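These protein sequences, in sequence, are chains A and B. For the first sequence, position 306 matches number 540 in the working numbering, and the numbering has no gaps at all. For the second sequence, position 279 matches number 620 in the working numbering, and the numbering has no gaps at all.
Don't read these hints as lab results, they were simulated from the structure. Remember, it's a predicted structure, so these values are computed and weren't measured experimentally. Glycine is no exception: its CB is placed at the ideal position from the N, C-alpha and C atoms. Each hint should be verified, as a subset may be incorrect.
[To be verified] If you want a taste of the chain A side facing chain B, the calculated C-beta under 8 angstroms gives, among others:
1. Tyr309
2. Ser337
3. Ile461
4. Arg477
5. Met555
6. Lys567
7. Asn626
[Stated by the list, open to error] Calculated lysine-lysine pairs in the DSSO-like style (CA-CA distance at most 30 angstroms, straight line):
8. Lys567(A) <-> Lys598(A)
9. Lys537(A) <-> Lys369(A)
10. Lys567(A) <-> Lys515(B)
11. Lys396(A) <-> Lys423(A)
12. Lys389(B) <-> Lys537(A)
13. Lys314(A) <-> Lys542(B)
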Amino acid sequence: MDLLRFSTAGSVDDGKSTLIGRLLYDTKSIFQDTLESIERTSNQRGDDYLDLALVTDGLKAEREQGITIDVAYRYFATPKRKFILADTPGHIQYTRNMVTGASTVNLAIILIDARNGVIEQTRRHTFIANLLQIKHLVVCVNKMDLVNYSEEAYQEVVEQYKAFTSKLQIPDIRYIPISALKGDNVVNKSEHMDWYQGPTLLYNLENVQIADDHNHVDSRFPVQYVIRPQSEEHRDYRGYAGRVAGGVFKPGDEVMVMPSGLTSRIKAIDTFDGPVKEAFSPMSVTILLEDEIDISRGDMIVKESNQGNVGQDIEMMVCWMNDKPLQERGKYKLRHTSRDARCVIKDVEYKVDINTLHRVQDDKKIGLNDIGRIKVRTAVPLIHDSYNRNRNTGSVILIDEFTNETVAAGMIL
Amino acid sequence: MDYRLSHLQQLESEAIYIIRETAAQFERPVLMFSGGKDSITLAWLARKAFSPGKLPFPLLHVDTGHNFDETIVFRDKFIEDIGAKLIVASVQESIDKGRAVEEKGPNPSRNSLQSITLLDAIEEYKFDGALGGARRDEEKARAKERFFSHRDEFGQWEPKNQRPELWDLFNGFKNVGEHFRIFPLSNWTELDIWMYLQQEKVPLPPLYFAHKRKVVNRDGVFLADTPFISLGSNETFEEKMVRFRTIGDATCTGAVLSEANSIPLIIDEIASTRTTERGGRADDKRSDSAMEDRKKQGYF
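In isolation and in its complexed conformation, chain A is listed as follows:
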C-alpha cells in the first residue's frame, strides 16, 4: 500500500468541509462516536440534515466562528492507498497556511462553485499550487445539484479554468463535476450526470501516479547527524545519517562532499535492518565512506559529475508568514536542508498580486501573506538546486533572529 498526500483549500461557503466530510463518510472513515457527536451538534443547532462539515471541526475558536484558521491534517485509507489530507483555509489572510499545507503534498484539490465559476479565490489557490510545484491538480466543480446537473454549466467552468491555467506549467490537471452535499462523483458515481464518463474523485486519488514525483536524477544527501558509537564493538564506525534528498546512492559510488570538494567512495549504506544495495529519496539511511574525511551536519554528499549549485547569492520567491513585514537589508537566520546560515536581504525585485497574478513593481513592501521575489546573500555557501528541479534542495525557511519565529518560506529560482 502506498501513500498519497493531498490538500484542499477553501472556505465553508465552497463546501470544502462538506467535501471532506463526504470523502470520510463514504469511505467509512468516520467512527461511530464521532458521528454521534456530530449528530448531537447538528440537532442542537437545529439543522435538519447531518452537517458533514462538522467532521472537520478543530480548535475552539474555529468551532465558535465556523471557520478554518490553521492547517488540519486528516487521515483515511482505502484498500489501495493511505491518504494524508492537509485541510487548509481559503481566505486571503490565511495564504501562509495554504502555502504550509501545500508544501508537502503530491496533489491539490481545487474546489469551484458551479454557480460562480472561476473567482479570485480559485486563481489564488491555483497560483499557490503552481508556486509550490504541486504536480497534480483535481478541479472539482462542486454544487452541481444547484445547477440541475447541467453539462453546459460544467463545461463553461472547465473552459474558464483552462483559459486561466494555459499560462502556468501544471503537468496534470483533471476535472470532475461533483456534489459534495449529495455525494455525486465523490466516492460513488453520480446517477444524475450520464454525460460525465470520467472517474470519481476517490478513484482519481487512488490511482494518480506519483512514483516519479521525487527527483531520482540528482544525487543529494544532506548529512543530518554523525553516528559514532565509540563502543568496543564499533570502535571505528563513523556513519553519516540523513535522508536522501534526491537521486540514487549505491555502495561503490564515487562521491564528493560539499562544500569541501573532498572525494571518496561509498563503502556501505547502513540501516538498523542491515545494509541496503541502494538508497533513494525519501529513505533515511546511514552512509559509510572508504576514506576518513571531516564531514559534519550541514555538509552534502553528491556525485562529482553532478554537484548542484554552490553559492551565496540566492534568488527566490518568498511567501511572508509573519505580522512583522520583511525588512529590506534586514538579517535573518536561514535554514536549508540540514544547513543553517545567516543571510541578509539584498533586494526585493517585485511583489505578486496573487489575485490578478500581476507583478507589482511600485509597492515592494512584503508583509504577512505577501508573495514576492527577493535576492539574499548568505554567510556561507548553500549547496542548492532550483525548487522546480528538487523541492528538498530548493526550499528554505527564514527565521527571525530575535523571536526565532519562522517568518518566510522560500523557493529558490
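Using the hints, position chain B against chain A.
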C-alpha cells in the same frame, strides 16, 4: 527501476528523520515514555535512528503511581533490551511536595497532574526537546499540532500562534526557558502503529491482548479492578474478556470487550471497529475541548 516505498516505509523514514533532527537541534533531548504502544513504537524508531550507536538521550516516564503492574514490568525489560537509560518522574512525589493536589471523588484521576510533574522534570533536568508519541488522528486538537511544537517558558501551547511548518525544514530555535515537544508519529494512525508493530515484531505489554479481567462498567467505559478505583453504590465488578486500546492512568483508561489475542486479530478488530481509540478515555469525555485545554497547560 522502481523507486517506491510502502506507506509504512515512508512513515518510518519520516519518523527517523525527525528523531535525528531532534538529536541534532537540541542540547538536551528526552523521549517521553509511557509504556504504551505509541511510545514503544517511538523508542523502537529511535533505536533504529542511531544504530549501531546507542540512543543519545534518556527516556522519561511520568509515573502517575496508578499503574497496571504489567506496564512497569514490561517497561523495565523493554528499556534494558534496547539499551536505553530511564528517568522516572513521580506524580506521587509532586503531590507529597505540595506541587500538585489530588482530585476528589470516586474516580480521582492523576491524568492532568502529569503536566505538573512533566514540566517540573523538564525544568529539573533542563530538557529542551521532549519527543512524544502523540498522533494527529487521536483527537481533534492534535490534528493541528506541529511536528516541532513550541512551548513558552510556562510550558504552554498556543494553538493560534503556532510556527508554520514547511517541507522537511524544522525550526527548533528557541529562547532561554522555552522548550519544544516533538512528535515524530504525527502522521501515523492507530492502524499504522499496529501494522508496524506486527512487521517489526516489537514486544508489547500483555494488556493490549484479550484477557480475563474484573471490570466495572461506568458510563459505558470498562474500568479495571485496581486499588485506585472505588465502587459506587450500584456498581459491581464482573469478569469479562477485555483488552486495552490505550494504556494510561489506570483510573481513566477503559478496556474494550474483545477476543483479540494476537496482533493480526487486533488489526482486524481495529479495521472494523466503529469507535475511536480515545472513546474509552474518561478524561476526554469531560468536555468537548478537554484535550485542547489540557494541551494548552502543558499536557503531552
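- Message: Check the hint pairing Lys567(A) with Lys515(B) against an upper bound of 30 angstroms on the C-alpha distance.
- Response: The given pair, whose Cα atoms are some 12 angstroms apart, holds under the 30 angstroms limit.
- Given the hinted pair Lys537(A) and Lys369(A), is their alpha-carbon gap at most 30 angstroms? Distance ~27 angstroms between Lys537(A) and Lys369(A) Cα, so the pair holds.
- Query: Can the hint on Lys567(A) be confirmed by a CB-to-CB distance to chain B that is less than 8 angstroms?
  - Reply: Since the shortest Cβ distance to chain B is 7 angstroms, the answer is holds.
- When you check the alpha-carbon spacing of Lys396(A) and Lys423(A), does it fall within 30 angstroms? holds (24 angstroms)
- Cut-off 8 angstroms, beta-carbon criterion: hint that Asn626(A) touches chain B: Hint holds; Asn626(A) Cβ to chain B Cβ min 7 angstroms, cut 8 angstroms.
- Task: Verify the proposed pairing of Lys314(A) with Lys542(B), using a straight-line Cα cut of 30 angstroms.
- Result: Satisfied, since the Cα-Cα distance of roughly 24 angstroms is no more than 30 angstroms.
- Message: Hint validation: Tyr309(A) versus chain B, beta carbon distance must be below 8 angstroms. Holds or violated?
- Response: holds (5 angstroms)
- Was the hint right that Ser337(A) lines chain B, CB cutoff 8 angstroms? With a minimum Cβ separation of about 4 angstroms from chain B (threshold 8 angstroms), the hint on Ser337(A) holds.
- Holds or violated: is the Cβ of Arg477(A) closer than 8 angstroms to a Cβ in chain B? holds (5 angstroms)
- Item | Restraint satisfaction for Ile461(A) [CB to CB of chain B, less than 8 angstroms] | holds (5 angstroms)
- Against chain B, is Met555(A) within 8 angstroms by beta-carbon distance? holds (5 angstroms)
- Task: Please work out if Lys389(B) and Lys537(A) have their alpha carbons no farther apart than 30 angstroms.
- Result: Judged against 30 angstroms, a Cα distance of about 27 angstroms means the pair holds.
Checked against the numbered hints listed earlier, the structure breaks none of them; every hint is satisfied.
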